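Student: Residues per chain are reported as follows:
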Amino acid sequence: MSTAAAPVGPAEAVAAPAPEERKRGWTGYLLLAPAMLWLLVFFIIPMVSLVSTSLYDPSGSLETGYSMTGHIANYVDTLSEYSKQFIRSIIYAGIATLACLLLGYPLAYAIAFKAGRWKNLMLVAVIAPFFTSFLIRTLSWQLILGDQAWVADILRGIGLLGEEGHLMATPLAVVTGITYNFLPFMVLPLYASLEKIDPRLHEAGADLYASPFTTFRKVTVPLSMPGVVAGTLLTFIPAAGDYINAQLLGNPQTTMIGNVIQNLFDGGSYPEAAALSVTLMAAIVVMVLVYINRAGTEELV
Amino acid sequence: MNGRLGKWVGDHIVLLVGLLVLLYMFMPIFIVVLMSFNDPASKNSYSFDGFTWHNWLNPCEPIGMCDAVTLSIRIGFLATIGATALGTLMAFALVRHRFKGRSVANIFTFLPMASPEIVMGSSLLALFVSAGFAGTLGFWTILIAHIMFCLSFVVVTVKARLAGLDPRLEQAAMDLYANEWQTFWRVTFPLVFPGILAAALLSFSLSFDDFIITNLNSGQEVTFPMYVWGAAQRGIPPQINVIGSVMFFLALFLVISSEVFQRRRARVTA
Chain A
1 MSTAAAPVGP
11 AEAVAAPAPE
21 ERKRGWTGYL
31 LLAPAMLWLL
41 VFFIIPMVSL
51 VSTSLYDPSG
61 SLETGYSMTG
71 HIANYVDTLS
81 EYSKQFIRSI
91 IYAGIATLAC
101 LLLGYPLAYA
111 IAFKAGRWKN
121 LMLVAVIAPF
131 FTSFLIRTLS
141 WQLILGDQAW
151 VADILRGIGL
161 LGEEGHLMAT
171 PLAVVTGITY
181 NFLPFMVLPL
191 YASLEKIDPR
201 LHEAGADLYA
211 SPFTTFRKVT
221 VPLSMPGVVA
231 GTLLTFIPAA
241 GDYINAQLLG
251 NPQTTMIGNV
261 IQNLFDGGSY
271 PEAAALSVTL
281 MAAIVVMVLV
291 YINRAGTEEL
301 V
Chain B
1 MNGRLGKWVG
11 DHIVLLVGLL
21 VLLYMFMPIF
31 IVVLMSFNDP
41 ASKNSYSFDG
51 FTWHNWLNPC
61 EPIGMCDAVT
71 LSIRIGFLAT
81 IGATALGTLM
91 AFALVRHRFK
101 GRSVANIFTF
111 LPMASPEIVM
121 GSSLLALFVS
131 AGFAGTLGFW
141 TILIAHIMFC
151 LSFVVVTVKA
161 RLAGLDPRLE
171 QAAMDLYANE
181 WQTFWRVTFP
191 LVFPGILAAA
201 LLSFSLSFDD
211 FIITNLNSGQ
221 EVTFPMYVWG
231 AAQRGIPPQI
241 NVIGSVMFFL
251 ALFLVISSEV
261 FQRRRARVTA
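Those protein sequences? They're chains A and B, same order as listed. Here UniProt numbering is used: the first residue of the first sequence is 1, the next is one more, and so on. Here UniProt numbering is used: the first residue of the second sequence is 1, the next is one more, and so on.
Possibly wrong hints are sitting among the right ones.
Claimed, not checked - With beta-carbon atoms standing in for the labels, derived distance ranges:
# : chain 1 : residue 1 : chain 2 : residue 2 : range
1 : B       : F133      : A       : A282      : 40 to 46 Å
2 : A       : T69       : B       : D67       : 38 to 44 Å
3 : B       : D67       : A       : M68       : 45 to 51 Å
4 : B       : L197      : A       : F216      : 36 to 42 Å
Stated by the list, open to error - Capping the alpha-carbon separation at 25 Å, the derived lysine to aspartate or glutamate pairs in DMTMM-like fashion look like this:
#  : chain 1 : residue 1 : chain 2 : residue 2
5  : A       : K119      : A       : D153
6  : A       : K119      : B       : E170
7  : A       : K119      : A       : E195
8  : A       : K23       : B       : E259
9  : A       : K119      : A       : D147
10 : A       : K114      : A       : E164
11 : B       : K100      : B       : E180
12 : A       : K119      : A       : D57
13 : A       : K218      : A       : D207
14 : A       : K196      : A       : D207
15 : A       : K23       : B       : D11
16 : A       : K218      : A       : E203
17 : A       : K114      : B       : D11
18 : A       : K218      : B       : D11
19 : A       : K196      : B       : E180
20 : A       : K114      : B       : E259
21 : A       : K114      : A       : E203
22 : A       : K119      : B       : D175
23 : A       : K23       : B       : E170
24 : A       : K196      : B       : D39
25 : A       : K196      : B       : D166
26 : A       : K23       : B       : D166
To be verified - Sample of chain B residues lacking proximity to chain A, with all beta carbon distances greater than 12 Å (derived):
#  : residue
27 : L5
28 : H12
29 : H54
30 : F77
31 : A83
32 : K100
33 : G138
34 : W185
35 : N241
36 : R265
37 : R267
Because the hints were derived from the structure by calculation, they are not lab data. Fair warning: this is a prediction, and the values are worked out from it, not measured in the lab. Note that the Cβ used here is the ideal one computed from N, Cα and C, for glycine as well.
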């Protein structure tokens, strides 16, 4: 499902017309208008209306209507009540992102440099599992991690899991599910930036008496940083808002902020749900800005 | 001997790790295909109890499931047309035209991809509710939402293809007295078409698979992912895995045949 989860693809390839060759005139605006209008009406304006909903008086309801009272207390109330789920979401998403990086880097590296003629096949294999429904795949993890399944048997056999231990309905299951579900969002941008590295740079490193590991550390890693940044963002952001894994693979002690928001909407507490949504978005924007600033790359879109 | 083995392992260790990661990614697919042949002993059975063709022969047996699949296909189809059309136009504007506010346009496309689904879903719901559409949530609100989140992916995909296009091909066509219209339809469009097709396939699968945004804006309608979600609480009919397997093999077939087609064409032109 995520072939194009690689906004770091060859966006500005060599053959692209130089900016001064681009056509002037009104056609550009005409081509742009429909999509921009759609995004304005159904993405930007909804954000505004989310913020205003978050300031409604929470004593209203869908039937009686809400009154706009500038109820900033919604933010304070929801944050103090659900801070645990909020922090848990950030932690789970962070661990899953790290796990995706550790699993995704060798895979992307293997596809870029070691796969030879199997390169395209391996790329298809990365996205192939995502042709089937997200939910169905997550449900099948229930079986893989179930008490009777061989994974649990093996782990019990080698003593990593106690006789009474479970894999399902644990934080580990939730993080495994998130890692699994967002791994291609990590692999594809990583591959896109690794693939651009000239393999002769590796040879040059070796010629200059660098060990393979030093070459990797001093040449490959720095050159793949745009992919690392894009991949971690594309993994972390959806992971932080996800509630499907927490619901299907977790237990009541693993609920994430997405579960809370969805449940509040289901229960008709729109202002509180909106306030939490705005808080989540704001937290993500701040974290992303700090992160991009630290990582020092602007090659994102 | 030992040294040679060590070197072989050293050379291939990354590849081996990569293949293991791929195995991890495929594990749930094996389970989905396997369970599509399951003959469950009870409604809440979590294990493979016996082999049967029954599920494949009676895919529509669970009440409401095929209606949900049909709805998802209809929405997916319309969302794909809408998003691909709007997104392709925008990609052309971004790559080929000069206009003020380019960075705003870029931010507009990037933002939806950088927002968690729950935030996009809840903000659309907030808009629909405050505009007085709370009672009419359904087919149209789902479609609007799907076009919105597919758009950015179309723009990025088509833009990448268009940016990789050699502008000299179009200049050559113009030199050969093709007018702008002919150049576009005879040269530019066929060359960009694979990108548009990829974007359309991506849109369809994103739309067909979406749960979080749809769940908030669907009113009484039930799409296939919503059916699966509901079934997860009640006990999962094995037919769900039949649909999952069909989707998987169908998409795999499309991707591989387009790959083969492109290779063959490349060989012919070479």
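Student: With reference to the structure, classify each hint as holding or not holding.
Tutor: Here is what the structure says about each hint:
no.: 1; hint: B/F133 to A/A282: 40 to 46 Å; verdict: violated, 26 Å
no.: 2; hint: A/T69 to B/D67: 38 to 44 Å; verdict: holds, 43 Å
no.: 3; hint: B/D67 to A/M68: 45 to 51 Å; verdict: violated, 40 Å
no.: 4; hint: B/L197 to A/F216: 36 to 42 Å; verdict: holds, 37 Å
no.: 5; hint: A/K119 to A/D153; verdict: violated, 35 Å
no.: 6; hint: A/K119 to B/E170; verdict: violated, 31 Å
no.: 7; hint: A/K119 to A/E195; verdict: holds, 11 Å
no.: 8; hint: A/K23 to B/E259; verdict: violated, 34 Å
no.: 9; hint: A/K119 to A/D147; verdict: violated, 37 Å
no.: 10; hint: A/K114 to A/E164; verdict: violated, 42 Å
no.: 11; hint: B/K100 to B/E180; verdict: holds, 24 Å
no.: 12; hint: A/K119 to A/D57; verdict: violated, 57 Å
no.: 13; hint: A/K218 to A/D207; verdict: holds, 14 Å
no.: 14; hint: A/K196 to A/D207; verdict: holds, 21 Å
no.: 15; hint: A/K23 to B/D11; verdict: violated, 50 Å
no.: 16; hint: A/K218 to A/E203; verdict: holds, 13 Å
no.: 17; hint: A/K114 to B/D11; verdict: holds, 9 Å
no.: 18; hint: A/K218 to B/D11; verdict: holds, 19 Å
no.: 19; hint: A/K196 to B/E180; verdict: violated, 34 Å
no.: 20; hint: A/K114 to B/E259; verdict: holds, 21 Å
no.: 21; hint: A/K114 to A/E203; verdict: holds, 14 Å
no.: 22; hint: A/K119 to B/D175; verdict: violated, 38 Å
no.: 23; hint: A/K23 to B/E170; verdict: holds, 14 Å
no.: 24; hint: A/K196 to B/D39; verdict: violated, 49 Å
no.: 25; hint: A/K196 to B/D166; verdict: holds, 19 Å
no.: 26; hint: A/K23 to B/D166; verdict: holds, 16 Å
no.: 27; hint: L5; verdict: holds, 18 Å
no.: 28; hint: H12; verdict: violated, 7 Å
no.: 29; hint: H54; verdict: holds, 19 Å
no.: 30; hint: F77; verdict: holds, 16 Å
no.: 31; hint: A83; verdict: violated, 9 Å
no.: 32; hint: K100; verdict: violated, 9 Å
no.: 33; hint: G138; verdict: holds, 16 Å
no.: 34; hint: W185; verdict: holds, 16 Å
no.: 35; hint: N241; verdict: violated, 7 Å
no.: 36; hint: R265; verdict: holds, 15 Å
no.: 37; hint: R267; verdict: holds, 15 Å
Going down the numbered hints, you'll see the structure goes against 1, 3, 5, 6, 8, 9, 10, 12, 15, 19, 22, 24, 28, 31, 32, 35, while the others check out.
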